[in-house]
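Line by line, the protein sequences are chains A and B. Position 89, counted from 1, in the first sequence is what my numbering calls 89; the numbers after and before it change by one each time, with no gaps. Position 11, counted from 1, in the second sequence is what my numbering calls 145; the numbers after and before it change by one each time, with no gaps.
Calculated directly from the structure, the hints in this document are not laboratory data. Please note that a few of the clues may not be correct.
What the hints assert, rightly or not - If you want a taste of the chain B side facing chain A, the calculated C-beta under 8 angstroms gives, among others: (1) 455; (2) 473; (3) 549; (4) 554.
Think of the CB as a built atom: it goes at the ideal place given N, C-alpha and C, for glycine as much as any other residue.
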Amino acid sequence: MTAQLSRRALASGALGLVGLATAVRHLPSLLTGPSRAQRLIRELVNLVAVTEPIAVGRFYFAAQPGVKATDLVPQVLAELPLGGPVEGIRQAFRQKLVDDFEAGRTIRLDGWYLSETEAQLCALVALEVGGLGG
Amino acid sequence: MLIDANQLDDGAVIEKDLCILGAGAAGIALALEFSGHGFSVALLEGGGFERDAESQALYEGVCEPPLIDPYLPASRLRYFGGTTNHWLGYCRPFDDIDFEQREWVPHSGWPITRATLEPFYRRAAAVCKVAPDFAGIEPLIAEPANRIWTFPFHIAPLRFGYAYRGVLVDATDIEVFLHANALRLALRPNGDSVDHVEVAASGDRRFQVRAKAFVLALGGIENARMLLVSDDVQSQGVGNQHDQVGRYFMDHPIFPVAQICTSHTSGPFTDLSVRNTDTWARSFRLADGEQERSRILNGCLSFNLIPQVEDVRQQLLTKKSWDTVEAYLAAEEQAGREVTVIGREGEDPALFFSRFDVRAEHAPNPDSRVTLDHEVDRFGLRRVRLDWRMQAIDFESVRRAVEVLAEDAGRFGWGRVRLAPDIDLERSYSPGFHHMGATRMQEDPKHGVVDRNCMVHGVKNLGIAGSSVFCTSGYANPTFSLVALAVRLADHLQKRLGGLA
Ligand SMILES: Cc1cc2nc3c(=O)[nH]c(=O)nc-3n(C[C@H](O)[C@H](O)[C@H](O)COP(=O)(O)OP(=O)(O)OC[C@H]3O[C@@H](n4cnc5c(N)ncnc54)[C@H](O)[C@@H]3O)c2cc1C
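Full structure from sequences and hints, please.
Encoded structure:
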């Protein structure tokens, strides 16, 4: 029950440069309301049934030190129908978690029995929100 | 009729058809069944109608390991109504599997089945004043791969002493003796039956009750003690020719070690658990097939999910940006894929959370036993020494039950489960205060103390009522089953006494 971080392609090489451009492009939405990334993450975190995702995410880093946000994002978002309505995204994410359990892609963090994908999402949250140096 | 034994003459001799020792759930149920059937009955109770320290002190003894201090006096009450004076009233029949011989559970298997007890469970419901419609066990969802089953407990903390005092005292064929402490069963010289029971009132006064039949209903531990202290005709104690009395002691260890969290209100756990009431509570257990596959014991998982106030989502909203996520989305767009995350307006769905207990079946173990200590009580009777032992299967069963629940919760999207990490299960349980097994039912006297009718092997007029006759412990609280067995024993004795007459 160990996270196989190499399981999905790490399509992250170009993300650093694109990130800068994106932040500038989405500046107006930051002033008007949550950005699409914020909305997306909120939707996904809502589907993860742990009370303290940040704490759980920290355990992920203890088990997988050195993992970066750019490693985690593609793994969490891969295969989600980002072009469709939000309900479709939710449904696909739920299915991704179920598929993880079916395939034995599970991990134990702080005692929680979790799907790898949700553990990676918790790790991302810990990194970005929980002040893990992100 | 009510008689205070303190008012009897020293050396008095009482003669009855039936003498019941102990007026707790078992003794009272048995006496009620005899009321109006034309037999004379003595119901002996060591305490009075209210709790008193002197009577309670007779329950002191030694318990290894010292699970909670003091386990022996705290887990029993020694006055009219017995331990039902503070029980919680959880009632549920045992499951079919509890009666079966399971090849992976050593010493499992009863000489009777659940079907044998079915009609008596219905009568027990009337005694315990719970609805007789015990719903069966059903899969949590209709899906072959599901391994979790669900079932309800009825909750009715009936105080037997208060509820039935009037009926019993008014019954013309029953004499209720208070402050009547049974000291010893006196066997006939050939040892094949009980001649009389020696009884002490609160002071020095002694008297005897002679009867055609006797029933021990002194509670799960004292039943064994009474057999062991009655050692003048048979030196190893009554019914103990094969050294079985006191062995196989079981309680229900409770492991408060796990937590569950569900992310939406529509999951079956949340749906079922929020419908719990003061008189009804739903629990969960592993399917029979999974117990067999995992080679583990039965056990019940109970939780009460409540909504959680979760603030991390607010933090997520107020976080200024998710650059890496934005960058990923932008890269997707650049690769020609559409990205339109239309945010849902409104409330975040509540999280539901609960800590939960596993109330485990305790595997039968001949080395887990009630014996006699060298210390004596104020009547000169040797006190109890209880050596409650657990085995590897007891702990492995709990770990596996939580694991299967966690796996199925994940596979079916019901929520997430946590077993506290690095938990030392061997140090993480507390007792359920259910005393079972120390005079177990087996057809072969080499392996048990009572036969299928709850009559002591080799002693033809002595029966036992109470959870000490259980062969296995299941997870269900014991009183409902012990009342059913007491009702069944009453039928058996009435036939025998009728025959004798
Ligand atoms: C805190 C707590 C909560 C519980 N909750 C539940 C529950 O929810 N559901 C459930 O099924 N069970 C529960 N139980 C267990 C339940 O109380 C017992 O299973 C039940 O009371 C046993 O009935 P009994 O008649 O065998 O023994 P008891 O009720 O203990 O009665 C034995 C009687 O014998 C008398 N006696 C003892 N020695 C002598 C003697 N030498 N001479 C004369 N009289 C004597 C005692 O005074 C007593 O009245 C609970 C127990 C505790 C401690």
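These are the hints, each one checked on the structure:
1. 455: holds (6 angstroms)
2. 473: Cβ of residue 473 of chain B sits 5 angstroms from chain A, so the hint holds.
3. 549: holds (5 angstroms)
4. 554: holds (5 angstroms)
Violated hints for the displayed structure: none, as all numbered hints are satisfied.
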